[in-house]
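Student: Build out the structure end to end from the sequences listed, making use of the hints.
Number of protein chains: 2
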Amino acid sequence: MDFQFLGTSSGTPTTTRNVTGLALRGPAGGWSLVDCGEGTQHRILQTTLSLHDLRAVFVTHLHGDHCYGLPGLLASAGMQNRTATLAIVGPPPLWRFLEGVMATTELGLPYALDFIPIAELAGKAVLPDLAVDAIALSHRMPSYAFRFTERAVERKLDAARLRAAGIAPGPAWGDLQRGVDVVLQDGRVLRADDWLLAPRKARTIIVGGDNDDPGLLLDAARTADVLIHEATYTEAVLQKVGPGPMHSSALRTARAAAAAGVPNLVLTHFSPRYQEGDGPLSLAALEAEARGVYGGNLFLARDFDRYVLERDGVCRRHVPA
Amino acid sequence: MDFQFLGTSSGTPTTTRNVTGLALRGPAGGWSLVDCGEGTQHRILQTTLSLHDLRAVFVTHLHGDHCYGLPGLLASAGMQNRTATLAIVGPPPLWRFLEGVMATTELGLPYALDFIPIAELAGKAVLPDLAVDAIALSHRMPSYAFRFTERAVERKLDAARLRAAGIAPGPAWGDLQRGVDVVLQDGRVLRADDWLLAPRKARTIIVGGDNDDPGLLLDAARTADVLIHEATYTEAVLQKVGPGPMHSSALRTARAAAAAGVPNLVLTHFSPRYQEGDGPLSLAALEAEARGVYGGNLFLARDFDRYVLERDGVCRRHVPA
Numbered sequence: 001m002d003f004q005f006l007g008t009s010s011g012t013p014t015t016t017r018n019v020t021g022l023a024l025r026g027p028a029g030g031w032s033l034v035d036c037g038e039g040t041q042h043r044i045l046q047t048t049l050s051l052h053d054l055r056a057v058f059v060t061h062l063h064g065d066h067c068y069g070l071p072g073l074l075a076s077a078g079m080q081n082r083t084a085t086l087a088i089v090g091p092p093p094l095w096r097f098l099e100g101v102m103a104t105t106e107l108g109l110p111y112a113l114d115f116i117p118i119a120e121l122a123g124k125a126v127l128p129d130l131a132v133d134a135i136a137l138s139h140r141m142p143s144y145a146f147r148f149t150e151r152a153v154e155r156k157l158d159a160a161r162l163r164a165a166g167i168a169p170g171p172a173w174g175d176l177q178r179g180v181d182v183v184l185q186d187g188r189v190l191r192a193d194d195w196l197l198a199p200r201k202a203r204t205i206i207v208g209g210d211n212d213d214p215g216l217l218l219d220a221a222r223t224a225d226v227l228i229h230e231a232t233y234t235e236a237v238l239q240k241v242g243p244g245p246m247h248s249s250a251l252r253t254a255r256a257a258a259a260a261g262v263p264n265l266v267l268t269h270f271s272p273r274y275q276e277g278d279g280p281l282s283l284a285a286l287e288a289e290a291r292g293v294y295g296g297n298l299f300l301a302r303d304f305d306r307y308v309l310e311r312d313g314v315c316r317r318h319v320p321a
Numbered sequence: 322m323d324f325q326f327l328g329t330s331s332g333t334p335t336t337t338r339n340v341t342g343l344a345l346r347g348p349a350g351g352w353s354l355v356d357c358g359e360g361t362q363h364r365i366l367q368t369t370l371s372l373h374d375l376r377a378v379f380v381t382h383l384h385g386d387h388c389y390g391l392p393g394l395l396a397s398a399g400m401q402n403r404t405a406t407l408a409i410v411g412p413p414p415l416w417r418f419l420e421g422v423m424a425t426t427e428l429g430l431p432y433a434l435d436f437i438p439i440a441e442l443a444g445k446a447v448l449p450d451l452a453v454d455a456i457a458l459s460h461r462m463p464s465y466a467f468r469f470t471e472r473a474v475e476r477k478l479d480a481a482r483l484r485a486a487g488i489a490p491g492p493a494w495g496d497l498q499r500g501v502d503v504v505l506q507d508g509r510v511l512r513a514d515d516w517l518l519a520p521r522k523a524r525t526i527i528v529g530g531d532n533d534d535p536g537l538l539l540d541a542a543r544t545a546d547v548l549i550h551e552a553t554y555t556e557a558v559l560q561k562v563g564p565g566p567m568h569s570s571a572l573r574t575a576r577a578a579a580a581a582g583v584p585n586l587v588l589t590h591f592s593p594r595y596q597e598g599d600g601p602l603s604l605a606a607l608e609a610e611a612r613g614v615y616g617g618n619l620f621l622a623r624d625f626d627r628y629v630l631e632r633d634g635v636c637r638r639h640v641p642a
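Read top to bottom, the protein sequences are chains A and B. Each step along the first sequence adds one to the number in this note's numbering, with nothing skipped, and position 282 is 282. Add 321 to a position in the second sequence, counting from 1, and you land on the number used in this note's numbering.
Please keep in mind that the hints were generated in silico from the structure rather than gathered at the bench. Treat the hints with care, since some could be wrong.
In silico SDA-like links for lysine to any residue, alpha-carbon gap of 25 Å or less [as the list claims (entries may be wrong)]:
1) B/561 / A/80
2) A/240 / B/403
3) B/561 / A/81
4) B/561 / A/110
5) B/445 / B/372
Tutor: Right under this line is the structure:
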């Protein structure tokens, strides 16, 4: 599984960071987009991603910096002659937003949109390779995290035990690997389930929307490999700004991640006031604040950074050359 | 007067061209935006333009590549604490588009929007320094050109004739320059109007929206200094694509400009199929086609190119360093 940041700024774009967008790839082909701030399609032009391979768009909440890029992205996919149905998952106002924009701007698409309200997500198989569910967060409007979990996790044959039982590699091994029970020539019956090792843990990535209470993700994060969550401010700035915007600080997000024991934490959605360099309004300050309370693998997202989550749960950043 | 292109691609952005947006400055301070495709605010971040100084937004028509950047631009101006009322001029669906987006995405602004439907533009003084009127074009939906004309054109004193009449430079000259009639000590009455030279021609710039019939601008262009108009295709591609999209070719636009005798023609809104270099799908091909029929000053717009229209009507391109 891997994910690539298309925007990591909160509210407004900067010269180096766009507003929110994240491309997520599961083990099967194609990709999903989580949030689609204005200019997401421009970011996509600078990656290897194609709008033809986009399977679904998940929108965490309806603030403009998370959805104003969607109409233009849909229009461009149409101009590129996309024909495959596109799933759109989000809070119900998302559909009203899109219908209104499409009607007033006479946007016709050569493909269908399949809108799935978040409340109906549980029963839908939106993606072939990833199960998706949503977790309600706390923000100025309904906001959600999406949890993506591998559906099929391969089981390996217990080769050592097969050999010890005198069963040499052959067609029986293949059947067992595929989950098919086998009757040997000597009459022994081998039930596939008995000869397959316990499956590895299915990989899980949580992508949060805007949220001032990261503790809401505590339960979900306990079994996740990666938590991607906003850290709009340092705690000092959050205290100064006050609770009105309903965002998290690096401190609060990192504390929740530490409490959940999630091994990989990726912070994003930084206020434009935070710049490179040092000082209290730097990314370094955000990072230091999080490191003070979180001992896992900590990353601060930058636009275009791509992360790979390996089968063994190791998460690595691949900074583009 | 000057204008700067923020986007010159039709339909979808490319890696070098954004969708349509044009910044226009008159002789007074502040600036206006004509069209606001997605990513216009990102372009603005790379210029010296400030959303605080934006006086008005003019939208030629409601296709997404001309208006999908407006909600995000309005939101960012709000986050930058703009307080001045912003005029928004466009076809009536523009207001429904904005109202729908603002309602569904809970976009509140700390400044007022003054929506002026194009039909009511005639009676409004939207800009202090430029008179603006709209001319209906021909496209798949209602589309307009905006004509910007200097309001106040300074008149110079006829200094030679004043001196010949024995009236030496002094307070009387200042009064006459300001249009105030003067009674000299010798009893002579000088009417200001008699001693001011004829005003120079007011500068006029026409900015067209999408349009398959540039001849509709013939009358207006006859008295304009600059015509900025789409040339989406070469004529050969337009013939191949057919009339459905209702765009102009470089040939058709240049022919109309030649017929009107407009001294400066700036082509823009190029299909993404046209690239740098040569060959039939190059900007050079678009340029050659226009030059074949138009003998005035011809320019092909590129993103960020800024043009200055001097008081004497000379138009020059200032390519940023």
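Student: Keeping to a limit of 25 Å between CA atoms, is the pair of residue 561 of chain B and residue 110 of chain A held or broken?
Tutor: With a Cα-Cα distance of about 20 Å, the restraint between residue 561 of chain B and residue 110 of chain A holds, given a limit of 25 Å.
Student: Within 25 Å, alpha carbon to alpha carbon, are residue 561 of chain B and residue 80 of chain A?
Tutor: Measuring from Cα to Cα gives roughly 18 Å; hence the hint holds.
Student: Does residue 403 of chain B lie within 25 Å of residue 240 of chain A when you go C-alpha to C-alpha?
Tutor: holds (21 Å)
Student: Could you grab the alpha-carbon distance between residue 445 of chain B and residue 372 of chain B and see if it respects the 25 Å cut-off?
Tutor: holds (22 Å)
Student: Verify the proposed pairing of residue 561 of chain B with residue 81 of chain A, using a straight-line Cα cut of 25 Å.
Tutor: Answer holds: residue 561 of chain B to residue 81 of chain A is near 17 Å, not above 25 Å.
This entry satisfies every hint, going by the numbered hints stated previously.
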